[in-house]
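First to last, the protein sequences are chains A and B. Take the first sequence: its letter number 64 is residue 64 in this note's numbering, and every next letter is one higher. Take the second sequence: its letter number 63 is residue 1063 in this note's numbering, and every next letter is one higher.
Quick caveat, the hints were computed from the structure, so don't treat them as lab data. Ideal Cβ positions, reconstructed from N, Cα and C, are used throughout, including at glycine. Hints are not guaranteed to be accurate.
Claimed, not checked - Examples of chain A residues lying across from chain B (beta carbon under 7 Å, computed):
#1 102
#2 106
#3 109
#4 133
#5 279
To be verified - Beta-carbon label-pair distances, calculated as ranges:
#6 A/66 x B/1239: 36 to 44 Å
#7 A/77 x B/1211: 27 to 35 Å
#8 B/1184 x A/180: 19 to 27 Å
#9 B/1176 x A/287: 19 to 27 Å
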Amino acid sequence: MDNASLPVVVALMAATLRQATPLILASLGGVFSERSGVVNIGLDGIMTCGAFFGVYGSYKTGSPAMGILFAIIAGMIVSSIHAFLSIHLKADQVVSGVAINLFSGALTSYLLLVLFNRQGQTDGVNALTYPKAFMRGIPVIGGFLSELNWYVFMAIILVFVTYFILYKTSLGLRIRAVGEHPKAADTLGVNVYAIRYLCVILSGALGGLAGASLSLGTTNLFREGMVSGRGFIALAAMIFGGWRPFGAMWASILFAFADAFQIVAQGFGWAIPYQFYSALPYILTMIALAGFVGKTTAPAADGVPYTKGER
Amino acid sequence: MTANANNSHNSLLNVLKSTYRTLLFPLISIIVAMFVAVLFVVWGRGVGFFEGTSLLFKAIWNGSFGSKDSLIETFVYVTPLLFTGLANAVAFKTGLFNIGVEGQFTIGVLITAILGLISGLPAIVHIPLIIVGGILAGAIWGGIPGYLKAKVGTNEVVNTIMMNFIAMYLSNYIVMGPLNKPGVASTPEIRPSAMLWRFLGENNRLNTGLFIGLLLIALVYILFWKTTIGYEIRAVGLNPYAAEYGGISIKKNMILAMVISGGIAGLGGAIYVSGIQHNAMELTGFIGYGFDGIAVALLAKSHPVGVLFASILFGALNSSAISLQLVNIPKQIVFLIQAIIIIFVAADYIYKWIGEKRKKEAMING
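Just chain A, with the same shape it has in the complex:
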């Protein structure tokens, strides 16, 4: 909120969208993975890898676009470990996800020392340039648009794309079938393993992009622990949103709003401790899951490994 001339409400909305962006992207990743029946607790670690390799890519090539590509590829590689463990080796998906989180945290801070020769955080790198002045020139909503960044647009477009794939294409029908009743889908000739691999790796790509939107989109550098549980908030948003792309988006925006609002609330002199806002997403998700706010139901085969030919 560096623009003092902007009304508080507009600045608040823009800040909300900026903070919601990594959550939206990662929660879309969660939607793909879990809709196909693979629980992905590893999103937090995937985001960490994305954040790191996004910065590394931009640092190496000088091009932020290449950074984003690096982040996506890193996310895909890490998630393919998760996919292999949980689909092929039928590992406990939660264990595998926990392992991915620990692995990513350790790997990135190790690489930070080896590749950047730095402790704690990297130097600043090139980020995507956003035409702030041009956006401000747009009538009525110009002030609002100027406070955003490209990742916000990417996230919102990808919500529509995800919705379209899941509900309007035959691929989406297959994904949902595999997540609800893999055996029935298998009987009808759908390759359950292939669909699950695709979805987990897609979730890695989205998680990696989410990480890049955090590192390249906000600070232009990678700091250890910068993801700070956002992967889990995204997971919560996905559940709160009922495993649906638009639901996940609105939940992400709600959670980000709580976060952005605390700064404004402090300005009002409201004496609610900031820790309460930080804890709010988790409390809301537990309440929603317990069935007090609408009904959220996970895909029927979520978290269950599939063995071909087993009764």
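Model the placement of chain B on the given structure of chain A, informed by the hints.
Here is chain B on its own, set in the frame of chain A:
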């Protein structure tokens, strides 16, 4: 007589066989993880394979068991891991995944930091008070997701993850708000009457909490294999429907296991504060013992005695961070080793998979 001798010989052989089978996979995981770590050292330092191996292992040995100080420090790390490892093991035995051990540990830490401030109590009252407080706080924190799982059917994994964060922010609120020690991001130090005895002198952080942990290993062993409660918990974990058919309540045992698991984790938090830390600090991330406990329990295959050995391994790795940095190996390599161990433990299906493949081949070829 001979038949009897034969039988006991067979059963001994069976015990040896099953021990070998249980130990084989964790050992392979550890060896592979170490091997990968050596590759990282070789790449990071630009040294040869054998030099890298000797560098890494020497540093880990020196930092963990090589000197008296490092040995003491290793067991300082082992102490909380015993509790969080056992807490995870209890949940695993019931077929539940208590990711919330981290949060239950944190709540134990918080409660102890609060109760430890009460003045005027003799140690003989104060220490039992914080122990009971830690157990209760952890049990409640674990019981809530257990209850929700049993009564509403919500996934305990998601709920415990949520409760980890709630515990962290609640703790931060207390630490930075009502009980903040001015000028620092922590609570004031607890009273001496609430501190566990550091039996090797004040400068060594090792304390009687270690023995409480060892005692707990025995208690959990007895609970699992010598009591009805333990029998029911294991029965539910092995096959809930068969257990229910046999008259064992799934719901009751799920809640019970989460309460016990949380209580052990909370106790671990209490021991951590009263023996090692002496206050609660603001958390920018999780303390981590709870998550390490998952790895410990997995590596131990949820066996209480295995938890002891796995805790020693992880404690040794954690305490070798400094000596690694002395030879210019980033300490992060330790966490890398731990993560890779879990990846391989998670993949233990590969073992069954190879077995099944062999069986199939035998069926086709034979």
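So, going through the hints one by one against the coordinates:
Evaluation of the residue 102 of chain A hint against chain B yields a held restraint, the C-beta minimum of about 4 Å falling below 7 Å. Evaluation of the residue 106 of chain A hint against chain B yields a held restraint, the C-beta minimum of about 4 Å falling below 7 Å. Hint status for residue 109 of chain A: holds, given a least beta-carbon distance of 5 Å to chain B, under 7 Å. Residue-level restraint check for residue 133 of chain A is violated (minimum Cβ-Cβ distance to chain B is 36 Å; threshold 7 Å).
For residue 279 of chain A, the suggested interface contact is upheld, since its CB lies about 4 Å from the closest CB of chain B, less than 7 Å. A C-beta distance of roughly 52 Å is found between residue 66 of chain A and residue 1239 of chain B, which places it outside the suggested range of 36 to 44 Å. The supplied range of 27 to 35 Å is broken by residue 77 of chain A and residue 1211 of chain B, whose beta-carbon atoms lie about 45 Å from each other. Between residue 1184 of chain B and residue 180 of chain A the Cβ separation comes to about 53 Å, which falls outside the hinted range of 19 to 27 Å.
Against the hinted window of 19 to 27 Å, the Cβ-Cβ separation of residue 1176 of chain B and residue 287 of chain A comes to about 25 Å, which satisfies the hint.
When the structure is compared with the earlier hints, violations turn up for hints 4, 6, 7, 8 and for no others.
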